[in-house]
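Chain A is already provided as a structure; the job is to place chain B on it using the hints.
Sequence order for the protein chains is A and B. Take the first sequence: its letters are residues 8 to 214, numbered as in this note's numbering. Take the second sequence: its letters are residues 2 to 234, numbered as in this note's numbering.
Worth flagging that the hints you see were computed from the coordinates, not collected in a lab. Be careful, since some hints might not be right.
Between beta-carbon pairs, the in silico distance windows are [stated by the list, open to error]:
id, chain 1, residue 1, chain 2, residue 2, range
1, B, K39, A, H152, 16 to 26 Å
2, A, Q109, B, S109, 32 to 42 Å
3, B, E205, A, Q149, 31 to 41 Å
Values in this document were obtained by computation on a predicted structure and should not be read as measured data. We treat Cβ as the ideally placed atom computed from N, Cα and C, and that holds for glycine.
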Amino acid sequence: MVGIIDIGLGNIKSITNWLDRCVVPWKLIYTPDDSQDYQLIILPGVGSILEFMTKLEQLHFSDFVKRRSQQGQRILGICLGAHVLFDYSEEDGGVHGLGLIQGTVRHIPMNSSNTGWLPCSFDKRLMNELWKSQKQNVSRKQRVHGRVFFNHNYGIQLDEAADIDLKIQLEELSEFTALVHKNNIIACQFHPEKSQSMGELLLKMIL
Amino acid sequence: MRVGTTLLFKNGYCYQSYGWNMLRPLGALQNALDHLDKYELDEICILRPVRNNDDTYHQDLKCLRQAKSSTPLAFGGGIRNLSDIELLEGIPVERLVLSSALFDRNISLIERLHARYGEQSIIGFIPFSFKKQFEVFNSVKNCFQSPHSINESALLLCDEVVLHDCDAEGEYAGFEFGVVSALGIDKNKLILSGGVSGVVKNEESIPFKPKSILIDNKILHRENSKKAYYGAM
Chain A
8 MVGIIDIGLG NIKSITNWLD RCVVPWKLIY TPDDSQDYQL IILPGVGSIL EFMTKLEQLH
68 FSDFVKRRSQ QGQRILGICL GAHVLFDYSE EDGGVHGLGL IQGTVRHIPM NSSNTGWLPC
128 SFDKRLMNEL WKSQKQNVSR KQRVHGRVFF NHNYGIQLDE AADIDLKIQL EELSEFTALV
188 HKNNIIACQF HPEKSQSMGE LLLKMIL
Chain B
2 MRVGTTLLFK NGYCYQSYGW NMLRPLGALQ NALDHLDKYE LDEICILRPV RNNDDTYHQD
62 LKCLRQAKSS TPLAFGGGIR NLSDIELLEG IPVERLVLSS ALFDRNISLI ERLHARYGEQ
122 SIIGFIPFSF KKQFEVFNSV KNCFQSPHSI NESALLLCDE VVLHDCDAEG EYAGFEFGVV
182 SALGIDKNKL ILSGGVSGVV KNEESIPFKP KSILIDNKIL HRENSKKAYY GAM
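Pulled out of the complex, with its shape left as it was, chain A reads as follows (with noise of 0.2 Å):
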């Protein structure tokens, strides 16, 4: 069972699609429970800092999400979601966020949004290793290439000082990260629920 939180903001729905597509069970979040057990939670973002901040503490969901890290919870942040999960944000005249990957998330340098799709690449055998401790069947395929879909004003930088297992750069933005692994959290800027059949693979890596 994956778990969603849902504070009413951001694309819920599109999350929940994405993992209908891959018949993946879900339950929405909507308040903290620490007696649920999921695979996975889901913490989704579309929409401003300040806002989607205020909502989770006020629902109780940052220490939630704190917490449930700690006890070796798997996260998945996407987008605004990943955002919150870092030190800091610029955004809104800035916003401090969950300090749970070291980091800062900073304005791109653009005169509007990077919005688009852009080439990704991921080593399932990396990915397994990473989430399940499993290794793959090293006579398939081992590296998946594809495009993903970003919509972000604002990107994420690393701290140098930042303890991560794996990090994936793009040569369109070298500056910025679009997925970071540390642990046991996946902190994604694309949005794989609408990346199509990339979207669904990385799912199926993850899960």
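For chain B alone, kept in the frame of chain A given last:
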């Protein structure tokens, strides 16, 4: 450059538009989205062709909430005041398209959408015509007006702006590029629509590279093909 499509949607059905004033039914929204998903387009822009009267906003949002697509969606048509924003909750779209708000002196609607959906989510939509003279369409007043009626402050708050050529709507080519210099919008923010389908095959034919082009749905479906037409029903 992204390549997407427009999908006209009203009263729970999708339509093909002719000459800006005539609509022909295309089929249910989900059927159209399923077919468009197969194209693996970069984006789908769902637009409600509402004019001065808009009595099906609730009904259309209800239908849109049920929509499923793996392609990024933008939605617009009928988002005119702050109370309309609350009704958007639960729709599976990434971006919102505003047209009448660009003519409004009050920019509080766009500011509220910024706070709720983020600056990257707001797209302006300007239908224009050069038939008599250069004019832009104000959907609330249901008439073409002088381009000076556009609120520049509102325009600046849009992350991207769709320029829709009403005269070339549904055509393979014919987009009037004079609109770009006439409106003076940053070219890096532009999405072109109406008579731009040919650009996909011949990018050198246009004076600059826009952020995206939106192909009219009927071009995409090759409306002359019965097979494609009935497939979309």
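Now for the hints, and whether the structure bears them out:
no.	hint	in the structure
1	K39/B to H152/A: 16 to 26 Å	holds (21 Å)
2	Q109/A to S109/B: 32 to 42 Å	holds (38 Å)
3	E205/B to Q149/A: 31 to 41 Å	holds (39 Å)
When each numbered hint is compared with the structure, no violation occurs for any of them.
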